[in-house]
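Join these two chains into a complex; the hints should help.
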Amino acid sequence: AQSVTQLDSQVPVFEEAPVELRCNYSSSVSVYLFWYVQYPNQGLQLLLKYLSGSTLVESINGFEAEFNKSQTSFHLRKPSVHISDTAEYFCAVSDSNSGYALNFGKGTSLLVTP
Amino acid sequence: EAGVVQSPRYKIIEKKQPVAFWCNPISGHNTLYWYRQNLGQGPELLIRYENEEAVDDSQLPKDRFSAERLKGVDSTLKIQPAELGDSAVYLCASSRGSGGYNEQFFGPGTRLTVL
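Chains as they are written, first to last, in our numbering: chain V, 109 to 222; chain E, 1195 to 1309.
For reference, chain E alone in the conformation it holds in the complex (with noise of 0.2 Å):
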């Protein structure tokens, strides 16, 4: 079983620039997770999506960072205008549902650098 895909795993931009990262999560996974860690943090989370509605999207910073989920299979994160402060790696997650006795499954994340 594949794991939970994401693409490009490096990225480097200046700031002001946009950047998107993209996100395949394991089949037949109908929850899928964004979450933002910074150096020598935890991962915290942005957003969360059942299927292809966002559930919960409080953390995410909506003058900037906005997110979709198509038909409810892979999903981006797409940041514009980006800032020094967003460099991180984000990481996405998947799990068969969003109850707590559902495993996530983490990708290998995609390490943003603003110059």
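Looking at chain V on its own, in the form it has when it is part of the complex (with noise of 0.2 Å):
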């Protein structure tokens, strides 16, 4: 069975400073990999995905993160972070095991303050 592990709960740092929001994973099969973005009283985005080839995936955002197979992670990173990054971040994994259903991480609450 596939899991996610999003290592840090919550995340404070001081806005134009860097950020990583860490996940790992596991699974037997090939996976797709994809990071959502959850504003404070708003529904679901999908921020990036990982599907084939570059291992290297970008948001229009800013927002990046690398597929690291030997590591089995997907750590989302960003070099200067907003104050309207402010949100909870969910990593999701999906394969053909699962019918392709996105099995979601814990999260992490980034709050980013002046």
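It is worth saying that the hints were derived from the structure and are not from the lab.
Remember, predicted model here, so these are calculated numbers, not experimental data.
Don't take each hint at face value.
[As the list claims (entries may be wrong)] With a cut-off of at most 27 Å between alpha-carbon atoms, the simulated DSSO-like pairs for lysine-lysine come out as follows:
1. K177(V) x K157(V)
2. K1256(E) x K1210(E)
3. K214(V) x K1272(E)
4. K1205(E) x K214(V)
5. K1256(E) x K214(V)
6. K1209(E) x K1272(E)
7. K1256(E) x K1272(E)
8. K177(V) x K214(V)
9. K214(V) x K157(V)
Given below as structure tokens:
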């Protein structure tokens, strides 16, 4: 069975500082990896995804994540965060064994302060 | 393009009462998912539909939960009777297909509080 571990439940960071949100997964087959973001009082939105090809994927708002198969990781990074990045971030994995349903981690709360 | 629509947004009931949630997926999306998100946790799949067929309901507590997707469009999730532990946000998502390449779009959720 697959699983997803988000190692940090909360990450406080100052505005314009870099940030990394960690995600590790386990699966016996090839996986698809996702980061979703949930802003306060809003629904889940897809931030970025790895399906195949380049292991480095980027979002339109400056986040990036790198698929590392040997480390079974998909960490999310941003070189300089904004106040508006404050949100809950969920890492998710899907594979053929689960019918491609998403298996989510517990989430990391990113709090950006001035 | 309208997103996934869910109603109601909030529901407060007493334990042992029934409750129902409704979801209208994005037009043309054949695959529909119901997830439950407990406080401080990530969403967990309850049931997945391909058109009107429930193809994965292994995580649905069938003693009290039921779901239907008549005509393969909108869907209803029901709890009868509700228990205190059912308090959570119930999320509906849809995608064009079930393959991993198909992005899942989520609705805003229904926040259920059982007193």
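Right, here's what the structure says about each hint:
Under the criterion of a C-alpha separation no larger than 27 Å, the hint pairing K177(V) with K157(V) is consistent with the structure, at around 15 Å. For the hint pairing K1256(E) with K1210(E), the CA-to-CA distance comes to about 16 Å; that is within 27 Å, so the pair holds. Proximity of K214(V) to K1272(E) is assessed by CA-CA distance (about 25 Å); at most 27 Å being required, the pair is judged to hold. Distance hint between K1205(E) and K214(V) is fulfilled; the C-alpha atoms sit about 24 Å from each other, no more than 27 Å.
Distance hint between K1256(E) and K214(V) is fulfilled; the C-alpha atoms sit about 24 Å from each other, no more than 27 Å. For a cut-off of 27 Å, the pair hint linking K1209(E) to K1272(E) stands: about 14 Å separates their Cα positions. A hinted pair counts as satisfied when its Cα atoms are at most 27 Å apart, and K1256(E) with K1272(E) qualifies at roughly 10 Å. The hinted pair formed by K177(V) and K214(V) meets the criterion: a straight-line CA distance of about 21 Å does not exceed 27 Å.
Between K214(V) and K157(V), the direct Cα distance comes to roughly 18 Å. Compliance with the 27 Å bound is thereby established for this hinted pair.
The structure is consistent with each of the numbered hints, conforming to all of them.
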